[in-house]
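Let's have the full structure, built from the sequences with the hints guiding it.
Order-wise, the sequence lines are chains A and B.
Quick note on numbering: the first sequence equals residues 1 to 218 in the numbering used here.
Quick note on numbering: the second sequence equals residues 1 to 363 in the numbering used here.
Hints in this document: simulated from the structure, not taken from any laboratory.
The reader is advised that the hints may include incorrect statements.
What the hints assert, rightly or not - Computed beta-carbon distance windows for the label pairs: (1) B:S91 / A:R209: 43 to 49 Å; (2) A:V78 / B:R89: 35 to 41 Å; (3) B:D190 / A:D116: 18 to 24 Å; (4) A:L214 / B:S91: 33 to 39 Å; (5) B:A157 / A:R209: 16 to 22 Å; (6) A:W90 / B:A188: 51 to 57 Å; (7) A:L214 / B:E269: 58 to 64 Å; (8) A:E48 / B:P268: 49 to 55 Å; (9) B:A154 / A:L10: 45 to 51 Å; (10) B:A188 / A:S55: 36 to 42 Å; (11) B:G209 / A:R54: 50 to 56 Å; (12) B:A157 / A:L50: 53 to 59 Å; (13) B:L208 / A:W131: 48 to 54 Å.
Stated by the list, open to error - Negatives, chain B to chain A, calculated, CB over 10 Å: (14) F33; (15) K48; (16) R85; (17) G162; (18) Q265; (19) A296; (20) D348; (21) L356.
As the structure is a prediction and not an experimental result, all values here were calculated from the model.
By construction, the Cβ of each residue, glycine as well, lies at the ideal position given by its N, Cα and C atoms.
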Amino acid sequence: MSPVLFELLLRSIWETVLMTGASALISLVFGLPLGLALVATDRGGIAESLWVNRSLGAIINGFRSVPFIILLVALIPVTRLIVGTSIGTWAAIVPLSIAATPYYARIAEVSLREVDHGLIEAARAMGGNRWTIIREVLVPEALPGIVAGFTVTLVTLVGASAMAGAIGAGGLGDLAIRYGYQRFETSVMVAVVVVLIVLVCGIQWIGDRLVARLDHRG
Amino acid sequence: MNQHVTAQRADPVHIQPTGREDVIRLAGLKRRFGATPALDGVSLTVQKGEILGIIGRSGAGKSTLIRCLNGLERADSGEVFIEGREIGRLSERELQPLRRRIGMVFQHFNLLSAKTVEENVALPLKIEGRPRAERLARAAELLQLVGLSEKAKAYPASLSGGQKQRVGIARALAARPALLLSDEATSALDPETTRSILALLKDINSRLGLTILLITHEMEVIRSIADRVAVIDAGRIVEEGAVWQVFANPKSEITRSLLSSIRPQLPPEIATRLVPGEGAETILRIDVAGETARGALLSDLAAAVPGQFRLVQGGVDHVQGQPVGTLFLAVAGAEATHLARVTTFLNDRGARVEVLGHVAGLV
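If you want it as structure tokens, here you go:
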């Protein structure tokens, strides 16, 4: 592999890490409260409101049912509004975040829903309010699942970011298509695949370690 | 201070005068789920410092009742007074400071798995907004009380069932409650652990003067620690009184049935051979309590009424320091006048006698 290609590979790794990391963080920041809202507003939840619950659910399902490549293109005006441009790595973070947020919200919802209802009742019996229940019970008890779900989201985003090349965002997927596939640079293709495997395994390993440390359920 | 202000504001304008020492007073409490009434007009009082046990079969309404006391469940009608305050009309927010006056212990412990033992115990104080140093000091004190000081930094998953319930009790006491509610606290524990947990509750009751209301389906629990018992069936209190008196003289069928697990019963091999009318022997059931049980009842009987008496089954138990016993006596013969003399003698001595039937030959 030529020094030029090698430099290109390094830049692509950085672009992928940036896109994945930034959109994953954004999806965590918005997806976790959304997941909490879904659990809290559901029947028997701590802030039961079926109307809000159904509406939120419908919006989330709507976003989740659009294929990412379509979302990427459809969101161009929104991206331009937020980032100022519709091309490049930063521009890709907008559709990636918007796709990952409802995805993560559903994953967080599953973990939060598994928290034993008796624990919520115990917190209520101690005189705790909703905020106490969220802060002391729901989130800490669901934390292993919340972290495991975040790992899954990160890995999914590594894959999704490959498509972001379509709007000139760069990244490893883009490199593999343009050099490895279209220009028959087998060494680039192999390098990209190896890097992606290492990246995904690394994320998963760290995620698993973190979950094991956080999980005290025995 | 802040909490005090909130409590003041939450107070209904009309403070209902109740008996000074009533921690709980329920009046005509009703709650139905769909068509089935879970509570069908429950009225009772719990006085300061006493242990009231509420016993009933599953589905009798026990859980609904205990959950009405801290507002986890709302009654459809009727009134719940806690320390003289009616809580039925309080909002969820107004209930929160009140709940801090009421500790609750659960059947399945409900400890937070992500928190250490001391963090679990300190949680009610964290909810109250107490500083960390004070919380940890109080947690240490309570863990000492329940004998788990060395487990302060452990997570609940590493504890045994009995240890978990000790942590649950310590947590319930953290905010210095006026009342402790125990929701089947020993039902998930083995008999030996049950005994130690009950001893702990009794100890807390006598040392701190804490009022305890417990619900259970086991008469053994009532027998060990309750001062008074209320029997609930189909959402109604069917019987209520001092434990030894209810044990000595159960009035309702449901109480008798619940008592059958811990009171002497006629062995089935005799019970199945009982016939009415004639037989070589007559089987009597004699219930004695208090003074009657302390006296020399059987030798006096033998001296007063000639004839043969045989004890086939029985025992005297001590409940709240009072002897409570049931004896099954086989009396030779089945002659009506003879039996009448025996019965009259025993009745005169304060025993309750029931002729169960006759057996053809010796058993």
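Okay, the hints, checked on the actual structure:
1. B:S91 / A:R209: 43 to 49 Å: Distance hint for S91 of chain B, R209 of chain A holds at roughly 45 Å.
2. A:V78 / B:R89: 35 to 41 Å: Violated: the Cβ-Cβ distance is about 49 Å, outside 35 to 41 Å.
3. B:D190 / A:D116: 18 to 24 Å: For D116 of chain A against D190 of chain B, whose Cβ atoms are near 22 Å apart, the range 18 to 24 Å holds.
4. A:L214 / B:S91: 33 to 39 Å: Given about 36 Å between the Cβ atoms, the range holds.
5. B:A157 / A:R209: 16 to 22 Å: holds (19 Å)
6. A:W90 / B:A188: 51 to 57 Å: holds (56 Å)
7. A:L214 / B:E269: 58 to 64 Å: Holds, since L214 of chain A and E269 of chain B (Cβ atoms, about 60 Å apart) stay within the stated range.
8. A:E48 / B:P268: 49 to 55 Å: holds (52 Å)
9. B:A154 / A:L10: 45 to 51 Å: holds (48 Å)
10. B:A188 / A:S55: 36 to 42 Å: Distance hint for A188 of chain B, S55 of chain A holds at roughly 40 Å.
11. B:G209 / A:R54: 50 to 56 Å: holds (51 Å)
12. B:A157 / A:L50: 53 to 59 Å: violated (35 Å)
13. B:L208 / A:W131: 48 to 54 Å: Because 31 Å falls outside the window, the suggested range is violated.
14. F33: holds (14 Å)
15. K48: Holds: least Cβ distance 21 Å, greater than 10 Å.
16. R85: holds (15 Å)
17. G162: holds (16 Å)
18. Q265: holds (36 Å)
19. A296: holds (52 Å)
20. D348: holds (52 Å)
21. L356: holds (46 Å)
Taken one by one, the earlier hints fail for this structure at numbers 2, 12 and 13, listed in ascending order.
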